[in-house]
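Q: Modelling step: build the complete structure from the supplied sequences, incorporating the hints.
Here the protein sequences come in this chain order: G and S. Quick note on the numbering used here: the first sequence kicks off at 847 and runs consecutively. Quick note on the numbering used here: the second sequence kicks off at 847 and runs consecutively.
No lab work stands behind these hints, which were simulated from the structure alone. Hints should not be assumed to be uniformly reliable.
Identical chains blur together in the list; that is why a pair holds if it fits in one copy or across any two.
Derived SDA-like pairs (lysine to any residue); straight-line CA-CA distance at most 25 Å [to be verified]: (1) K904 to D1105; (2) K1171 to A1201; (3) K1171 to A1140; (4) K1171 to R1199; (5) K904 to I1116; (6) K904 to R1115; (7) K904 to Q1124; (8) K904 to D955; (9) K1171 to V1198; (10) K904 to P1091; (11) K904 to P1112; (12) K1171 to N1202; (13) K1171 to S1200; (14) K1171 to L863; (15) K904 to E914; (16) K904 to G1092; (17) K1171 to L963; (18) K1171 to D1182; (19) K904 to R1038; (20) K904 to K1144; (21) K1171 to R897.
Protein chains: 2
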Amino acid sequence: MMQSIHPKSAAPGPFALVPFVSVANMMRLVNAVGVEVFLAELAAEIEADFRRWPAFDKTPRVASHSVEGVIELMPTSDGGTYGFKYVNGHPNNTAGGRQTVTAFGMLADVGTGYPVLLSEMTLLTALRTAATSAVAARHLARPDVASMAIIGNGAQAEFQALAVRALLGVNRLSLYDIDPAATAKCRSNLSRYGFDIITAASAEAAVEGADIITTVTADKRYATILTDNMVGSGQHLNAVGGDCPGKTELHRDILLRSDIFVEYEPQTRIEGEIQQLQADHAVTELWRVIAGEAMGRKSARDITLFDSVGFATEDFSALRYVRRKLNDGEFSQDLDLLADPDDPRDLFGMLVRSAN
Amino acid sequence: MMQSIHPKSAAPGPFALVPFVSVANMMRLVNAVGVEVFLAELAAEIEADFRRWPAFDKTPRVASHSVEGVIELMPTSDGGTYGFKYVNGHPNNTAGGRQTVTAFGMLADVGTGYPVLLSEMTLLTALRTAATSAVAARHLARPDVASMAIIGNGAQAEFQALAVRALLGVNRLSLYDIDPAATAKCRSNLSRYGFDIITAASAEAAVEGADIITTVTADKRYATILTDNMVGSGQHLNAVGGDCPGKTELHRDILLRSDIFVEYEPQTRIEGEIQQLQADHAVTELWRVIAGEAMGRKSARDITLFDSVGFATEDFSALRYVRRKLNDGEFSQDLDLLADPDDPRDLFGMLVRSAN
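A: In structure tokens:
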């Protein structure tokens, strides 16, 4: 009699399966597209979403801090699609052979609340962070930029170099890290891409004459990677590494001399370099420059600073881009993530029938 | 030369893999343990965590509301382990063959930020919600309870019945739903478990003389499932269905006559039945009763109300319980979720090598 009421099987139905992009598949996808093309296309997505910024639900990330690091959830929605990322930041992880930052994320349909994509985002975060830096530099750096210094040559450095070259054609790099092995690793990885690379003996030497300075270090504390005397007129700074309360990279005096651009002001006040400034110190949200609502660089002599902390819309853009590239399962596998009973009110019946 | 620097493979390393519990595996696990034993053991976990309530980081869930429903993230941490759940609530989903509520969740190690478990939680949420209701009833209902009315016979009803019986021995049920087909489904599912079941012709008839009344309906609006005259002295109410802003099940007058118990007051003020009351109306957090810090039921004639909205610690308890039951892969599969380069700073090198 039960069978006549519940004639169907307990196998996953069409709504049960969610495409999942593993690390292996993300690497296959990036390599199939080509990392430089991937970064350029991703930058275009991020820029397009910055342009329609008012369409997004925005909220500062939800952070859980501990002595060892931070775990964060970063949600957003454009009304049709919802997305969030889980991401941690644990500077001491590398000592144990782990990544400082790992991440995964998902997209869901706002109309049903059903997840439509689950994806690794450790790689994707490095890619989207670099793409965002490049977008900022394209809108804020001098048009004639030719060189970039990268201070901090860890997991994100190569992506930063490739993204800025993809968007601005910058081919000359100076690299510096307190650990020479990190610089050697970065230089070795980038050498096959035809960059003109200098290994600098100090941060001072690295930034000397660079058109763009990218700081991307990982210490979770107030650090002074750049002091005031190291930054000169006309330079553009991407401050990528200072991205949580108590973690900054730039001396306060640099901030006072710069035009400062941020992603989402309420979040950056908490997490960015500008936590060193008064709460009413003027900053400009980058999307307004991209949308033509605010001025970017005002002269070739200004110092422009993109105080990057990473924002949920960038992850959203990245996940949507990946989803479009999946090519019907070529770069994903289906996960049985959602319960999908034949009768949606009969969750219990599905459980019982699965035992038979 | 690259090879001598990076001698290792691009295959996932030991830190890359995260155990994943699919819907199919969750069903296998629940059926292997037995649903009633599972509910009883889960209730014990939830109760134990309520007892150490001050140990948890608590925050109201992060909700994204739309016309169609709500998508929520529910994080918590006990300092050693972090957990969160993704959950949606879309009342119109059933019309399209989808679940009103679907969910998945994860646990991570606070020390490294690395995920240690990813799991379906549609089934697990129904189980933990029922287990929590039963824990509340054990601490708040009269000791001599023998019967329960369930108003709303959808996806969660059977779990509620089994959990309350597992903890309190309540074997007599009266069922009511505005849709008789839902009641028929629920009765059919429960009939094999030896309950003494009455199908009631109305909500009034269902609750008449019941020792416990459980309301678990799904409409996202102010509804009055129970009016004041339907509730009598000595009854215990589990109000499970009213769980988001604008969604309630009980007439306000019932609240005014009841001793009200909640999970986490700041969240329940927003989401629970008590959104109908003044913000200073006295309520008691359930954990205080369990920990012996507050009085539960004061007399056999009182009306006690558990204004359940579901809280992150319950999901945390459930995920930790499931993790302990996995038995080394018997009920999980390993997902390649985390990038794990040989050198943690060489994320880019891992990407490049994977192409070879």
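Q: Checking an output row: K1171 and A1140, CA cutoff 25 Å. Within, between, both or neither?
A: neither (33 Å within a copy, 56 Å between copies)
Q: With identical chains, the pair K1171 and L863 could be close in the same copy or across copies; at 25 Å between alpha carbons, which is it: within, between, both, or neither?
A: Answer is both: 18 Å inside a copy and 24 Å across each meet the 25 Å cutoff.
Q: Since the copies are identical, ignore which copy is meant and state whether K1171 and L963 lie within 25 Å (CA to CA) inside a copy, between copies, both or neither.
A: Within one copy only: 12 Å inside, 27 Å across.
Q: One pair to classify: K904 and D1105, alpha carbons no more than 25 Å apart. Within, between, both, or neither?
A: within (24 Å within a copy, 38 Å between copies)
Q: Please work out whether the CA atoms of K904 and R1115 approach to 25 Å or closer within one copy, between two copies, in both situations, or in neither?
A: Close inside one copy (15 Å) and across copies (23 Å); limit 25 Å.
Q: Checking an output row: K904 and D955, CA cutoff 25 Å. Within, between, both or neither?
A: within (17 Å within a copy, 27 Å between copies)
Q: Can you tell me if K904 and R1038 fall within 25 Å by alpha carbon in one copy, between copies, both or neither?
A: neither (40 Å within a copy, 49 Å between copies)
Q: How would you classify K904 and P1112 at a CA-CA limit of 25 Å: within, between, both, or neither?
A: So K904 and P1112 pass the 25 Å test inside a copy (10 Å) and across (22 Å) alike.
Q: Evaluate K1171 and D1182 at a C-alpha cut-off of 25 Å and name the case that applies: within, between, both or neither.
A: both (21 Å within a copy, 19 Å between copies)
Q: From the Cα coordinates, with 25 Å as the cut-off, is the pair K904 and Q1124 best called within, between, both, or neither?
A: within (23 Å within a copy, 30 Å between copies)
Q: Given a CA cutoff of 25 Å, do K1171 and N1202 count as a within-copy pair, a between-copy pair, both, or neither?
A: between (39 Å within a copy, 21 Å between copies)
Q: Using 25 Å as the alpha carbon limit, work out where K1171 and S1200 are close: within a copy, between copies, both or neither.
A: between (35 Å within a copy, 19 Å between copies)
In summary, the numbered hints that this structure violates are 3, 19 and 20.
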